[in-house]
Amino acid sequence: MQKLTRRGWLTVIVMALLAVLPPVFYLTGNAFYLDLATRLTILAIAAVSLNLILGYGGLISFGHAAFVGLGAYAVGIPAYHWLYYSWGDWAVNGLVQFPLAIIVSAVFALLTGIVCLRTRGVYFIMITMAFAQMVYYLIVSIEEYGGDDGLVIDTRSELPLINLDDPLQLFGLSYVSLLVAMLLVRMIVNSRFGMVLQGAKGNEERMISLGFNVYAYRLTAYVISGAMAGYAGALLGNFTTFISPEMMDWSRSGELMFMVILGGVATTLGPVLGAVSFIVIEEILSTITIYWHLPFGLMLIGVVLFVRGGLAGLLTGRGGKDD
Amino acid sequence: MTAVLEISGLNKSFGGIKATDDLNLSVTPHELHAIIGPNGAGKTTLISQLSGTQQPDTGTIRFQGQDITQIAPHKRAHLGIARSYQITSLIMQMSVIDNIALALQAHDGHSFRFIRPARGIKSLRDRAMSLLDRVGLADKADLSTAALSHGEHRHMEIAIALASEAELMLLDEPMAGLGLEASAQMVDLLLGIKGKHTILLIEHDMDAVFALADRISVLVYGHIIATGTPDEIRSNEAVQHAYLGEE
Amino acid sequence: MDLSLLFIQTLNGLQLGLLLFLVASGLTLVFGILDFVNLAHASLYMLGAFICASLTFVLGNFLWAVVVSLPITGVIGLLVERFVARPLYSRDHLDHVLGTFGLILVLDTLAHLIWGPAGIAVPLPPWLDGQIQLSETLVIPTFRVLIIAAGLAAAGGLFWLVNYTRLGMLIRAGASNRTMVSALGVDIQTLFALVFALGAMLAGLAGMLIAPITEASIGMGNNIIITAFVVIIVGGIGSMKGAFIAALLIGLIDTLGRSFLDDLFKLFMSSEAAETSAPAVSAMLIYIIMALVLAFRPSGLFPPRTR
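Heads up: the protein sequence lines correspond to chains R, B and U, in order. Numbering follows my numbering, in which position 254 of the first sequence is assigned residue number 254; successive positions increment by one, without gaps. Numbering follows my numbering, in which position 221 of the second sequence is assigned residue number 544; successive positions increment by one, without gaps. Numbering follows my numbering, in which position 46 of the third sequence is assigned residue number 616; successive positions increment by one, without gaps.
These aren't lab readings, by the way, just hints derived from the structure by calculation. Values in this document were obtained by computation on a predicted structure and should not be read as measured data. Even glycine gets a Cβ: it sits at the ideal position worked out from N, Cα and C. Just so you know, not all the hints are guaranteed correct.
Sample of chain B residues facing chain R (criterion: CB under 8 Å; computed from the structure) [unchecked claim]:
1) I394
2) P396
3) D421
4) F437
5) F533
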């Protein structure tokens, strides 16, 4: 094992605090903070997955919430059929629902990625946004599953050894999932595949002239990222036990982007830090005023305008130099 | 002896301007073939068509006997055509050795390998180091590419072209923007690799070209007006009139 | 299939298409010339609707309210340009997206503070509130005719402005060559601000025209902006002609799809299956069209030459 760098230590400390603090709060009677931490942890998984394509791949995807939403519906819809159409118990089995969430999101990522990745720059931003909105309207149009109003998940996923109805265990699963997601992304970006992905962000034309089919690498990363976000969605469905199209509204995608950027793109810890600061600020502001979006929006604008070199400067300046 | 590269009847216009005009050229194995010409003669357009980033209007390009006119750029690289860039086109955010290692990865085939850390693969690192050694950059391997000088970037370009072990190396003005001393170093470097690879050198620097080339073709307004050894070109009247006379 | 219904829905599709064009033309103008991605364009649409609604009550007449609201939205556009957009021009598209995303939160909350959470209905003067009897079975609301006429007039005015005026010449030159415009002695900053204000007014006008039908409400822009994105992606970002054709196309396809797709499906599937699948497919229809267009033309139907 090599010696930890300063950022490595920071990662260890932050992750250790995240593991220890919420259960302590819960056990001392502050259940609310455990809930907050669970939500934060799940969103951090989605942000970590977005970081793979946005941070390391340089692909500005504005539709990431769609994958999260699809993952949640992959839990909610079978549970709905289990309740009302007497589907078998397999329909609420987590070992069915979670893989289903991953597969559905991955397939959606593949189908849309094939089209989106043919485009560049601002086209890519808008088209990922549009495809996410397509899923939004699709769900809205299906009255069976509640349309606009959403769907209550009556039964959480059944898993061996873990009871998701216990908030502490649900947090534990989310936390371990986040750790695995971080390690997975870290492994991918440091692999030969990841080097190509980061190289293509730095200089696409060069990578093509070297003989890399950049499109295929990006599409693969896009599918992996979508699948991970789908998994986060399945967790989110289990956490909220209520799902609605609102989960995949484009402002949710924007928030995920902000988490990645706030925390620092193309770093292992960045998306987690981003999710923490985002949720904490949101929580503090919204207890002060119902108009909390106003200071929040001003803060976002301020960050973009005044963070030295621009946020995108961080995006291009730090690639490939993680730890 | 079959030519490595055989260009016949190549034409390419932009609007009304002919950038490439019925261009014919044949490059034989292991020669260093230089293309010279005044500014705006269509040198860069030619190299773009060879590497596949631009499509000719008419004409064919054959590489080792195979028609590659319609083949995508990344596939040409797999067939064995490597290209260096006139405007330095490295991945600035990455370290020097990572740039070279990526070129080696490309040469090794696809990189859909997700598990082993790329920087921990010893064979890849060792080969990258030996290439950096050949171009005199071994001591700068771990620096950020952005921190290197312009001349050193040019040397990296050569190392990347070498990494591909390509049959044909297209070098687009490797001396561009280099000072006297750096140019001399580049000439030494190219003299060292010459004869082991087929090289098509597009270059502005006359001293370098006449020092390096086995054969020279002169490009004027997209058309090749003469091909021959440096001595033949030096004494060719049409060339003197069209080109050297200007100097 | 009912022919008079088809006629009515075609008119509705045309109306949606023209409103989309008003929103999309501003987006594409700002992107094509300023190279700026403005998500908050949707909020300008919403502000146009709210301001017009308030002024309708103050001035007592919808049309006067539109006339007064237009310059106000233009001024708001100028403010947005000066304080948010201008500092971001030199940044990359990601910063544009993030900055204007923040701006949406700010403007939407401001609207909430000023006008409250509920929507505001906008009353029409009696002569606009009626219907035109075309035949025994065919009636169309007068106001929809006005929307179509106003949309066409705005589109025509825009074409005239871009193609036949000095400002238009500068706009076209600015799109392809900024330094040249500066060399002509034109203050490029002023030109950019004017373009931005023009885009804001066009979006605001669309909001004003739709308000009597749907009410002015918070978040009303967030739906149309994505459709406007689809329009400019299909049309080719930066192309005014592309935006116009794609807007009409998308407006017609969306409207007709929603009303006739189930009939169409019933031709080759059971009516029950058709009634469940048609809403889902029609909700996705324009996105499927967009994907198809991009599959064959990654830069849209009319990619502008300079980009």
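Which hint numbers does the structure go against, in order from smallest to largest?
-> 1, 5
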